[in-house]
Each structure stands twice: as structure tokens, then as C-alpha cells.
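Chains G and B, in that order, give the protein sequences.
Per our numbering, residue 1 is the first one in the first sequence, and the count goes up by one each step.
Per our numbering, residue 1 is the first one in the second sequence, and the count goes up by one each step.
Derived by calculation from the structure, the hints in this document are not laboratory data.
Every value quoted in this text rests on a predicted model; they were computed, and no experiment measured them.
We put the beta carbon where it would ideally sit given N, CA and C, even for glycine.
Please note that a few of the clues may not be correct.
Said to hold, decoys possible - What the simulated footprint calls covered on chain G by chain B, stretch by stretch (three residues with Cβ under 8 Å from a Cβ of chain B suffice, anywhere in the stretch; the number is not a length):
| id | region |
| --- | --- |
| 1 | 11–25 |
| 2 | 34–45 |
| 3 | 75–81 |
| 4 | 88–95 |
| 5 | 198–212 |
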Amino acid sequence: MTAATHHYTTTGLDNRKIAIWAFIGSECMLFVSLISTYMIYKGRSVVGPFPHQPWTNPATGEVLHPILDIPVTSASTFVLLMSSLFMVLALAAVQNKNVPKHTRGDRILGSSKLWLWATAIAGATFLGFQAYEFTSFVHEGLTIRTNLFGSTFFTLTGFHGAHVTAGVLWLVTLLAIDYRRGLGPADSMNVDLAALYWHFVDVIWIVIFTLVYLIQ
Amino acid sequence: MDIHSPSHLPDSAEAHAHAPHAEGHAHPTWSTYWKVALILFIITVAEVWAYYIPAFVASRAFVPILLIMSAAKFIIVVMFYMHLKYDHKVFRVLFTGPLLIAALTLIALLFLFGQLIIKL
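Model the full structure from these sequences, guided by the hints.
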């Protein structure tokens, strides 16, 4: 949709941007319900594995370490934070597409394809970290049915991962448009909507990382 | 690569002023975006660093400080990357309204079913 076919409301604001903010507001409620469930059941698991405490495997009697892998999750958090930077650079590149680029630095900063690729790859990398984490948890004996921690943890982080997946698909569609006809200032609202969604996914992870992974 | 906006390249704010959006308020410059990323990185490193200090983890300050750092990152991303600092106040209301309701619901649920207790 081009600028000529925008629908403005009586407030003078683009209806799509109002819609995405209303959607993000409703998503806040969804994630807070999931976070609330995790927090309420935190520390109430009867059997291990536990997130922050060592636990004893009932089958072997072996004492095992806490299941959360903070270094790996810190790396994935860093990747997702950087993806937000790439996303704002992609938006700025689309908005400034028609501005002449004189230096190599200008051309790099002004390449919407580069920053959209970087954001999508960072998102996919985050998903890779999550797949690794989920797989290692299952191998260590934690599934969604094992205990209260497993149920609430996989539900919360799984929902977040699904949102990241949707965000990556959205970015891929923007890349496809960019390759087909090029994204310009007239498309900046389309990229802005994707960027708002992507940053929302990022801020939700900021909360999850602290509440689930760091606070014991 | 020069991380600051070159003089001959208008920053996002100027370009946005020419965009056809009615809600086209000023946006941060590229250099602001990089500085915000650096601040987010530093706070994240501080959070993880704090996690590995057993004496600090055992102290009463650990949870409040981590929550403050997390809230700071949340606010920075929302204000600068989501442009809520610069956008129309309707968007602020659309976001902060549900967020406030959600936060109050979380606190209420933790008092009802969780481990939050007020000692009178």
C-alpha cells in the first residue's frame, strides 16, 4: 500500500499504526498472563529438574546441576538486542532511500537489504539458540509435562519463540518486496509496523530474561 | 564506518519530516541508535555479571536492582527504538494503558497466589 492509499483517522493518524499499537497493547496482556503463571508456580515444582537449584535424578540418584544455561541465554539475549539495532537501521535506510550516498559508510548505512537481512539472521540465530536450549532440556529430562517449572517455562518461552518466528517471516516478506521492486520512503510505514512488532518481541524477552533466567 | 550521521546525509528525523505521515514526529539519529545499543549492551552485561556474584545474589538488593535494570532496558527500547518518545500521545496511551493494567494484574495475582506478602 502506498502513501496515496493510506487511511487516516479523525486523529490524523494512520489507522494501521493505531492498530499495531493496540495489538501490542493486547499482546502485553497475553505475555503478562504467561509471566504471571510462571511467577506464581515458581519454586513449587515437587520433582526436578529445577531452574536454579541442583537436583537429584530419582532414577540414578545422581546429583545434577541447575538446568538453566545462563551463558548461552545471555548470548541469545545479546543477539536479540542487536537485532533491534539492525531493525531501526533498516527503517532509517528505507526512510532515507532517496538521499544521495557519497561514501562507503553512507552506502552501508543506507542499505535496507543489508539491515533487513541482519535483523532476520539475528532473529533466526535467536531461534537456533532456543531450539538448542529446548533440545538440551529434553535430553536432561525436562519436558513440558515433567513439573510445574517445565510446563510454565516451555509455554512462556515457546509463545515468545512463536512470536519471533512470525517476526522473522514478516522480515522475509519485506526482503522479498525490497528485492522485487525496492523499498522506498513511501513504504516506510510498512517497515515501521514490522519494526514496532520486532521491538515489542525484544522488550518481552528483556522481561523474560530477568524474571525467568536471572532472578533465582 | 562512521557511526554518526554525516552532514550531507539528513538524519532520520529530517527525512521523516518529509514523509507523508500525519504522525511524523522527529525520530532519533543514527548515532542515537548506536548509543542506545551500547547502553543496552552495558546493562545486559551488568545484569549477567551480578548473577555470578553469590554474595550479591544472596542480598536483598539483588532482585530490586535486577528489576530496575530490566525496566530501564524496557523503557529505553520503547522510547527510542519504538519511537514512543517522539510519536503521537495516542500511541503512548494505547501502549501504556494495557501495560499498566497488565502490570497491576501481575502484582495482584502474585499477592493472591504467589509469594508476595505485605507485613503490617
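Verification of the supplied hints:
no., hint, verdict
1, 11–25, "holds (count 10)"
2, 34–45, "holds (count 6)"
3, 75–81, "holds (count 3)"
4, 88–95, "holds (count 5)"
5, 198–212, "holds (count 9)"
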